[in-house]
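So the sequences go chain by chain: A and B. Read the first sequence against this note's numbering and you will find it ends at 69, with the numbers running on by one and no gaps. Read the second sequence against this note's numbering and you will find it ends at 473, with the numbers running on by one and no gaps.
Please keep in mind that the hints were generated in silico from the structure rather than gathered at the bench. This one's a predicted model, so the numbers in the text were calculated from it and none came from an experiment. Please note that a few of the clues may not be correct.
[Claimed, not checked] With beta-carbon atoms standing in for the labels, derived distance ranges: (1) 21/A x 279/B: 15 to 23 Å; (2) 29/A x 290/B: 52 to 60 Å; (3) 102/B x 13/A: 36 to 44 Å.
[Said to hold, decoys possible] Simulated coverage check for chain B against chain A, where a stretch passes if three residues somewhere in it have a Cβ under 8 Å from a Cβ of chain A: (4) 307-314; (5) 354-362.
Built from N, CA and C at the ideal position, the CB exists for glycine as well.
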Amino acid sequence: MLAPMEIPVETLRRLARLGGFAWTDAELEAIRPGVQRLLETLERLETLPLDGVEPTTQYRLL
Amino acid sequence: MSDLVWLSMAELGHMISTKEISPLEVVRAHLDRIAALDGGLRAFITVCADGALQAARAAETDLMAGKVAGPLHGVPWAPKDLYATKGIRTTGGSKILAESIPSEDATVVSRLSRAGAVVLGKLNMHEFAYGPEGLNAHYGDARNPWDRNAHRIAGGSSSGSGVAVAAGLAPGSLGSDTGGSIRIPASLCGITGLKPTYGRVSRAGVLPLSWSMDHVGPMTRTARDCALILGAIAGYDPADPTTSVLPVPDYAAALGGEVRGLRVGLLRAHFTDVAAPEVRAAIEAAARRLELAGAVVDEVNLTQVIHVAAASSAIVASEAVAYHAGWMRARAQDYQPDVRERLRIGAFVSGAHYVRAQQARALVRREVDDALAKRDVLLAPATPIAAPAVGERDTTLGDGPSDVRSALIRLTRPFNFSGHPCCAAPCGFTAGGLPIGLQVVGRPFDEATVLRVVDAYQRLTDWHTRRPEPA
Numbered sequence: 008m009l010a011p012m013e014i015p016v017e018t019l020r021r022l023a024r025l026g027g028f029a030w031t032d033a034e035l036e037a038i039r040p041g042v043q044r045l046l047e048t049l050e051r052l053e054t055l056p057l058d059g060v061e062p063t064t065q066y067r068l069l
Numbered sequence: 003m004s005d006l007v008w009l010s011m012a013e014l015g016h017m018i019s020t021k022e023i024s025p026l027e028v029v030r031a032h033l034d035r036i037a038a039l040d041g042g043l044r045a046f047i048t049v050c051a052d053g054a055l056q057a058a059r060a061a062e063t064d065l066m067a068g069k070v071a072g073p074l075h076g077v078p079w080a081p082k083d084l085y086a087t088k089g090i091r092t093t094g095g096s097k098i099l100a101e102s103i104p105s106e107d108a109t110v111v112s113r114l115s116r117a118g119a120v121v122l123g124k125l126n127m128h129e130f131a132y133g134p135e136g137l138n139a140h141y142g143d144a145r146n147p148w149d150r151n152a153h154r155i156a157g158g159s160s161s162g163s164g165v166a167v168a169a170g171l172a173p174g175s176l177g178s179d180t181g182g183s184i185r186i187p188a189s190l191c192g193i194t195g196l197k198p199t200y201g202r203v204s205r206a207g208v209l210p211l212s213w214s215m216d217h218v219g220p221m222t223r224t225a226r227d228c229a230l231i232l233g234a235i236a237g238y239d240p241a242d243p244t245t246s247v248l249p250v251p252d253y254a255a256a257l258g259g260e261v262r263g264l265r266v267g268l269l270r271a272h273f274t275d276v277a278a279p280e281v282r283a284a285i286e287a288a289a290r291r292l293e294l295a296g297a298v299v300d301e302v303n304l305t306q307v308i309h310v311a312a313a314s315s316a317i318v319a320s321e322a323v324a325y326h327a328g329w330m331r332a333r334a335q336d337y338q339p340d341v342r343e344r345l346r347i348g349a350f351v352s353g354a355h356y357v358r359a360q361q362a363r364a365l366v367r368r369e370v371d372d373a374l375a376k377r378d379v380l381l382a383p384a385t386p387i388a389a390p391a392v393g394e395r396d397t398t399l400g401d402g403p404s405d406v407r408s409a410l411i412r413l414t415r416p417f418n419f420s421g422h423p424c425c426a427a428p429c430g431f432t433a434g435g436l437p438i439g440l441q442v443v444g445r446p447f448d449e450a451t452v453l454r455v456v457d458a459y460q461r462l463t464d465w466h467t468r469r470p471e472p473a
């Protein structure tokens, strides 16, 4: 697992635009710590033994 | 103030059907209490006094003609304001939908109307159900009725439901639960709240937060009342493709039994052991009380739940952004600040993260299923802390410091992730007089056993009969 890097606002701006969001630098700067924390949390998913595990959203319904 | 407001839905329904009291009398008593107290409690976003009185008169006319729709005939209730109600605004606790008036009822609302229940109004909530504190910048913060002096959170997102039921403004409600939004306010307000199995109850006509994590269910003062409501709303709905076609049992008829011989697993690591000392002591006492009544109690550890925070964050954030994207572009300034920030952060979750999180779901579900293969139910705290004051950001749990928001959802969210049914109910009070809630978890589609355990516990104890004295 790679050590989490600090995300520049420039990267956030590009990613946000890909998602269709035209947020200002000030708006992106405000959420940057939260995005950083979220991505660090999501890194943990990379360590799970999920090979061969099907994604699940609900019980098999009769 | 009328004592009618403290009767359970089961008692009200029985007394109405035997003509000891009239639906009109019952609805008026609740409307009077709402008028007297809701200015301070802020449980309601919209009060439907005229509609409620009209429906109560119709219920009375039917009753006099010998037509009783069922055990909820003429009994008042109030939904969280994210259930579509025909002709009544449905705001989702937002400014964005402040003037939105649905043309149809949500499936569960129409099922309760068909069962004869009467809508008193629509209840406050965290905006768009996206927050466990239950705070609302647009309609005012619901106030926990258990502290007359400090403004404490009611818990969310179904905060108005917790407050209205605890304070006697409504005997029952429907909340929604994506990470604990039924069980957290039930725990913090001292009431009983059931999150059914994913697929047991239709979500059609309910504003979504996260399609694969959202559950809808009853919030009342007793397990019996939860059983009555669940019996009326559960079952397949062609308008919600995730609903199960499994038959709906008579949940109320399954109550009243003993717990002798029932196998109860007390969840230790990551659950009871991380709770604040008073909460931990209350849960251990509840386990001992069930054991004294003949249940076989052992201890169990779920290890895979350490992945729940990351995986469920990926799922909820992604699904919430998918639903809100249009408004996030066009009306961002109309969200309350914490919800806007949460939505924006969620836009950075990748598709790969989302799918990986849904894979992790299988691991956690399998572990909970395995624990329940040897036991009938699992027992844990619903929340690791009692109601914090509004503005309190940090707390300390058994395994160290935590922010309040993470602490509130920590013990409930695993079962949104896994989909298992759970019921929260009061099991004690802190030295400061705040309710403590336990959580009973059952096998998929076995709400009957979950409710049976909580009902038995409520017949052994009187925590659920304590009443707050709101200012």
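Structure-based check of each hint:
Roughly 48 Å separates the CB atoms of residue 21/A and residue 279/B, a value that falls outside the hinted 15 to 23 Å. Checked against the hint of 52 to 60 Å, the C-beta distance between residue 29/A and residue 290/B comes to roughly 59 Å, which is consistent with it. Under the hint 36 to 44 Å, the C-beta atoms of residue 102/B and residue 13/A, about 41 Å apart, fit the expected range. Against chain A, the segment 307-314 of chain B contributes 4 residues with a C-beta closer than 8 Å to a partner C-beta. That satisfies the three-residue criterion, and the hint holds.
Counting residues of the segment 354-362 of chain B whose beta-carbon sits less than 8 Å from any beta-carbon of chain A gives 7, enough to reach three: the coverage restraint holds.
The earlier numbered hint that this structure contradicts is number 1, and it is the only one.
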